[in-house]
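Number of protein chains: 2
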Amino acid sequence: MQTMYQTMNDVELAAAIDDLEARVAEVKARELKLDMARGKPSPEQVAISRPMLDLLSADSDLTDGGVDCSNYGCFEGIPSARALAGEFLGVDPSQTLVLGSSSLLIEHDSVAMCWLKGTCGHAPWSEFSAAHDGARVKFLCPAPGYDRHFGITEDLGIENVPVRMTENGPDMDEVERLVAADEGIKGIWCVPKYSNPTGDTYSDETVRRLTSMKTAAPDFRIFWDNAYCVHDLYDEGDELLNVFDAAREAGNEDRVIAFASTSKITFPGAGVGFVAASPVVIKEIAHHLQAGLISADKLNQLRHVRFLPDLDAVRAHMRRHAEFMRPRFECVDAKLHEGLDGTGCATWTHPRGGYFVSFDGPEGSAKRVGALCREMGVTLTPAGATWPYGEDPHDTNIRIAPSYPSVEDLSSALEVLVLAVKLVSAQLALEERA
Amino acid sequence: MQTMYQTMNDVELAAAIDDLEARVAEVKARELKLDMARGKPSPEQVAISRPMLDLLSADSDLTDGGVDCSNYGCFEGIPSARALAGEFLGVDPSQTLVLGSSSLLIEHDSVAMCWLKGTCGHAPWSEFSAAHDGARVKFLCPAPGYDRHFGITEDLGIENVPVRMTENGPDMDEVERLVAADEGIKGIWCVPKYSNPTGDTYSDETVRRLTSMKTAAPDFRIFWDNAYCVHDLYDEGDELLNVFDAAREAGNEDRVIAFASTSKITFPGAGVGFVAASPVVIKEIAHHLQAGLISADKLNQLRHVRFLPDLDAVRAHMRRHAEFMRPRFECVDAKLHEGLDGTGCATWTHPRGGYFVSFDGPEGSAKRVGALCREMGVTLTPAGATWPYGEDPHDTNIRIAPSYPSVEDLSSALEVLVLAVKLVSAQLALEERA
Numbered sequence: 008m009q010t011m012y013q014t015m016n017d018v019e020l021a022a023a024i025d026d027l028e029a030r031v032a033e034v035k036a037r038e039l040k041l042d043m044a045r046g047k048p049s050p051e052q053v054a055i056s057r058p059m060l061d062l063l064s065a066d067s068d069l070t071d072g073g074v075d076c077s078n079y080g081c082f083e084g085i086p087s088a089r090a091l092a093g094e095f096l097g098v099d100p101s102q103t104l105v106l107g108s109s110s111l112l113i114e115h116d117s118v119a120m121c122w123l124k125g126t127c128g129h130a131p132w133s134e135f136s137a138a139h140d141g142a143r144v145k146f147l148c149p150a151p152g153y154d155r156h157f158g159i160t161e162d163l164g165i166e167n168v169p170v171r172m173t174e175n176g177p178d179m180d181e182v183e184r185l186v187a188a189d190e191g192i193k194g195i196w197c198v199p200k201y202s203n204p205t206g207d208t209y210s211d212e213t214v215r216r217l218t219s220m221k222t223a224a225p226d227f228r229i230f231w232d233n234a235y236c237v238h239d240l241y242d243e244g245d246e247l248l249n250v251f252d253a254a255r256e257a258g259n260e261d262r263v264i265a266f267a268s269t270s271k272i273t274f275p276g277a278g279v280g281f282v283a284a285s286p287v288v289i290k291e292i293a294h295h296l297q298a299g300l301i302s303a304d305k306l307n308q309l310r311h312v313r314f315l316p317d318l319d320a321v322r323a324h325m326r327r328h329a330e331f332m333r334p335r336f337e338c339v340d341a342k343l344h345e346g347l348d349g350t351g352c353a354t355w356t357h358p359r360g361g362y363f364v365s366f367d368g369p370e371g372s373a374k375r376v377g378a379l380c381r382e383m384g385v386t387l388t389p390a391g392a393t394w395p396y397g398e399d400p401h402d403t404n405i406r407i408a409p410s411y412p413s414v415e416d417l418s419s420a421l422e423v424l425v426l427a428v429k430l431v432s433a434q435l436a437l438e439e440r441a
Numbered sequence: 008m009q010t011m012y013q014t015m016n017d018v019e020l021a022a023a024i025d026d027l028e029a030r031v032a033e034v035k036a037r038e039l040k041l042d043m044a045r046g047k048p049s050p051e052q053v054a055i056s057r058p059m060l061d062l063l064s065a066d067s068d069l070t071d072g073g074v075d076c077s078n079y080g081c082f083e084g085i086p087s088a089r090a091l092a093g094e095f096l097g098v099d100p101s102q103t104l105v106l107g108s109s110s111l112l113i114e115h116d117s118v119a120m121c122w123l124k125g126t127c128g129h130a131p132w133s134e135f136s137a138a139h140d141g142a143r144v145k146f147l148c149p150a151p152g153y154d155r156h157f158g159i160t161e162d163l164g165i166e167n168v169p170v171r172m173t174e175n176g177p178d179m180d181e182v183e184r185l186v187a188a189d190e191g192i193k194g195i196w197c198v199p200k201y202s203n204p205t206g207d208t209y210s211d212e213t214v215r216r217l218t219s220m221k222t223a224a225p226d227f228r229i230f231w232d233n234a235y236c237v238h239d240l241y242d243e244g245d246e247l248l249n250v251f252d253a254a255r256e257a258g259n260e261d262r263v264i265a266f267a268s269t270s271k272i273t274f275p276g277a278g279v280g281f282v283a284a285s286p287v288v289i290k291e292i293a294h295h296l297q298a299g300l301i302s303a304d305k306l307n308q309l310r311h312v313r314f315l316p317d318l319d320a321v322r323a324h325m326r327r328h329a330e331f332m333r334p335r336f337e338c339v340d341a342k343l344h345e346g347l348d349g350t351g352c353a354t355w356t357h358p359r360g361g362y363f364v365s366f367d368g369p370e371g372s373a374k375r376v377g378a379l380c381r382e383m384g385v386t387l388t389p390a391g392a393t394w395p396y397g398e399d400p401h402d403t404n405i406r407i408a409p410s411y412p413s414v415e416d417l418s419s420a421l422e423v424l425v426l427a428v429k430l431v432s433a434q435l436a437l438e439e440r441a
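If you read the protein sequences in the order shown, they are chains A and B. Heads up: the first sequence begins at 8 in this note's numbering, then just goes up one per residue. Heads up: the second sequence begins at 8 in this note's numbering, then just goes up one per residue.
Hints listed in this document are in silico derivations from the structure and should not be mistaken for laboratory results. Some hints could be false.
For chains that are exact copies, the list does not tell them apart, and a pair is met inside one copy or across any two.
[To be verified] Pairs of lysine-lysine residues, derived as DSBU-like cross-links and limited to a Cα-Cα distance of at most 30 angstroms, are as follows: (1) K35 to K342; (2) K290 to K374; (3) K290 to K124; (4) K221 to K342; (5) K342 to K374; (6) K290 to K221.
Computed from a predicted structure; not experimentally measured.
Take the sequences, apply the hints, and build the full model.
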């Protein structure tokens with residue numbers, strides 16, 4: 008598709024650039040300081056969880072199902088929290104572990120387990136290369152995707168291989184072709200519901216194909232980070248197929264390791280993280296983690312289950328979160344339509360949940376748009392961050408994080424983004440002619 | 008030294024065994040159920056920290072030094088908690104990280120960092136073997152020592168090498184000889200104050216020799232788990248030299264990685280863990296951990312610093328803990344004296360702090376004493392647990408954990424232990440004659 012700037016004649020284009028540059032200069036003079044980089048809720052939104060802090064006090068009963076939450080023990084997590092984790096992730100509570108505040112850490116340690124020790128009797132992934140003429144262990148990374156996932160595998164020396172993210176999840180034709188052909192591909196990173204950053208949810212067909220596809224690696228694992236499983240903006244949320252049911256039906260029960268946390272439900276960074284897997288694999292993970300952990304913070308687990316005793320309570324709480332998030336997402340969509348409709352300069356996603364909007368400008372524009380926004384006082388997630396190694400092959404993608412600023416600030420920031428996209432698009436059109 | 012049973016004639020010995028067996032039968036009939044296995048405080052002792060749970064409520068200020076503790080960010084820990092960690096570990100706060108509830112996990116991840124990535128520009132420890140004709144990476148393990156430390160290195164495939172623990176710390180002649188000769192020895196596990204399980208504290212000379220000794224490995228690391236740094240039983244506690252000062256004076260600042268936590272100060276398993284190291288090494292550790300962690304639970308950090316704002320507050324709180332611990336330690340000592348003085352059957356330590364008493368019976372007795380105690384309804388830490396791979400070479404050592412039972416139950420449990428030690432000693436004397 009052509010941008011409106013590409014269709015202008017030279018005189019029109021020069022005039023358009025002059026006009027846009029003048030508007031950029033005006034914005035710079037306003038010395039804005041706005042942030043759309045951070046996937047974190049606003050202080051007002053976080054505050055809705057403050058009543059949780061009143062639920063444990065000096066004279067509280069600190070037991071749960073007979074477990075003393077104030078002393079060592081119960082490595083696997085307290086009974087009520089495992090029941091909640093089972094509801095979150097769609098498995099029996101016995102297939103869950105409830106741990107500390109960071110699901111990212113559990114993800115890291117689960118990959119590290121496979122790397123250092125192997126899984127289900129297979130050789131450690133760290134030994135694959137030496138046994139296969141230096142071939143590297145690889146992970147599929149649906150892109151645009153979550154930079155911290157890609158960081159975990161990169162950190163362990165695993166090669167990140169981007170695959171195209173679609174409205175229905177990763178491009179499954181590509182995924183199936185790759186995993187069938189290469190025994191070195193040991194896993195895939197997935198944010199299956201309201202994916203980071205596109206906000207798209209995997210279709211039932213995608214879930215079935217992921218869990219049933221033939222993989223050259225017998226120890227292929229799906230790292231299923233269901234971070235936004237209850238983060239609907241509307242009463243009618245996206246529906247995600249139960250991945251464990253699908254995997255079991257396909258005879259690949261051990262293939263899935265799933266994660267979630269309450270970080271964006273109660274307090275970011277001070278929530279409770281969960282992991283779920285098949286009975287065999289969850290036992291492996293527990294054994295691996297027990298080398299470094301006597302038991303996690305059970306008082307915080309207790310505080311959480313007293314605040315959110317079941318999934319119904321969680322959903323009621325999430326409806327309150329949605330009241331903060333919905334106007335922000337709607338502001339993003341409205342401002343982008345208002346500023347960019349008919350320009351041919353951009354496409355963006357229309358999530359019904361999660362934390363992000365994925366925005367694509369013309370080829371070669373994203374880094375320049377980010378830099379220009381920064382000059383105008385608006386911070387965006389660094390361009391490229393949504394791709395493995397920070398390398399967006401077409402330099403188009405920008406992750407918009409609307410949750411933190413006020414709607415007013417967000418509105419101003421989006422006007423800046425629109426202006427930057429237009430100027431960079433116009434400049435690109437001019438440079439093409441040179 | 009001979010036991011009294013070895014000095015008896017055959018008739019006397021047979022009579023003694025008859026008498027002891029009759030007493031064992033009487034105890035079994037009582038169907039006791041007592042536990043001296045667990046290094047955890049009693050529920051009454053834990054309860055002294057309950058007022059901490061009142062300090063954060065729905066209307067609290069949730070900031071510390073300008074940091075919003077209720078949202079993501081501040082990976083390194085909140086300012087007040089880093090100040091406290093600096094006091095605990097004897098370094099500038101900038102050389103600390105305050106993380107989640109488990110210092111054991113930080114220890115695990117610090118060793119894992121060296122294993123996977125190396126430290127200070129040296130090759131990863133995991134590559135040592137291939138580069139040195141299959142020679143293994145080894146760790147020195149002062150024994151008797153802490154089984155979970157040994158478990159971390161064992162888990163990573165590192166070879167644990169026991170070195171003799173003395174009243175002044177590890178046998179430094181042996182340590183110096185070993186580390187000077189073997190480049191594969193990459194570290195040593197230390198619990199320098201009120202060591203687990205002997206309760207002994209490293210002498211100044213030991214600290215100086217550890218930090219100044221010549222090591223064949225240029226990347227040798229001391230893992231300094233100062234778990235009991237404030238856990239004095241008496242107002243006059245043992246004094247431990249500042250290991251970072253000693254290391255700096257010796258020009259080996261990067262050699263030390265130190266740990267502590269509030270697990271046995273506030274709530275076991277729900278405290279706050281710290282790590283400290285040289286500026287260079289703490290930066291490495293932070294970088295390594297950031298692959299798997301956005302930020303730790305800062306609300307729990309805030310709750311802790313509001314309860315224990317500085318080391319004076321910690322010491323006042325620890326004096327209250329000592330009121331629970333002191334009578335238990337004194338009961339252990341009194342009952343062992345009462346039951347075993349003059350028998351030649353045992354020696355034990357006399358800690359002035361920490362959580363354990365280390366007990367040694369005759370050679371070849373510990374496993375049998377443990378089994379016999381179990382038959383009489385008393386659970387001890389499994390014999391051998393205090394040695395790498397659970398292999399106590401002389402099968403003499405038993406770790407006594409007096410903190411959990413009431414003084415009354417503890418007294419009964421020690422009578423059982425004394426009886427078991429006597430019967431096993433008598434049986435061993437008889438078997439020698441066969």
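Consistency of the hints with the structure:
When the C-alpha separation of K35 and K342 is checked against a cutoff of 30 angstroms, the pair qualifies only within one copy, where the shortest distance is 20 angstroms, while the shortest distance between copies is 80 angstroms. Taking the shortest alpha-carbon separations for K290 and K374, only the inter-copy value of 29 angstroms comes in at or below 30 angstroms, while the best intra-copy value is 45 angstroms. In the homo-oligomer, the alpha carbons of K290 and K124 lie at most 30 angstroms apart both inside one protomer (14 angstroms) and across protomers (27 angstroms), since each shortest distance falls under that limit. In this homomeric assembly, K221 and K342 never come within 30 angstroms of each other (Cα to Cα): the closest approach is 44 angstroms inside a single copy and 66 angstroms across copies.
In this assembly of identical chains, the alpha carbons of K342 and K374 lie at most 30 angstroms apart only when taken from the same copy (21 angstroms versus 74 angstroms across copies). Proximity of K290 and K221 under a CA criterion of 30 angstroms is satisfied intra-copy only: 25 angstroms inside one chain copy versus 43 angstroms between copies.
Violated hints amount to a single one, hint 4; each of the other numbered hints is respected by the structure.
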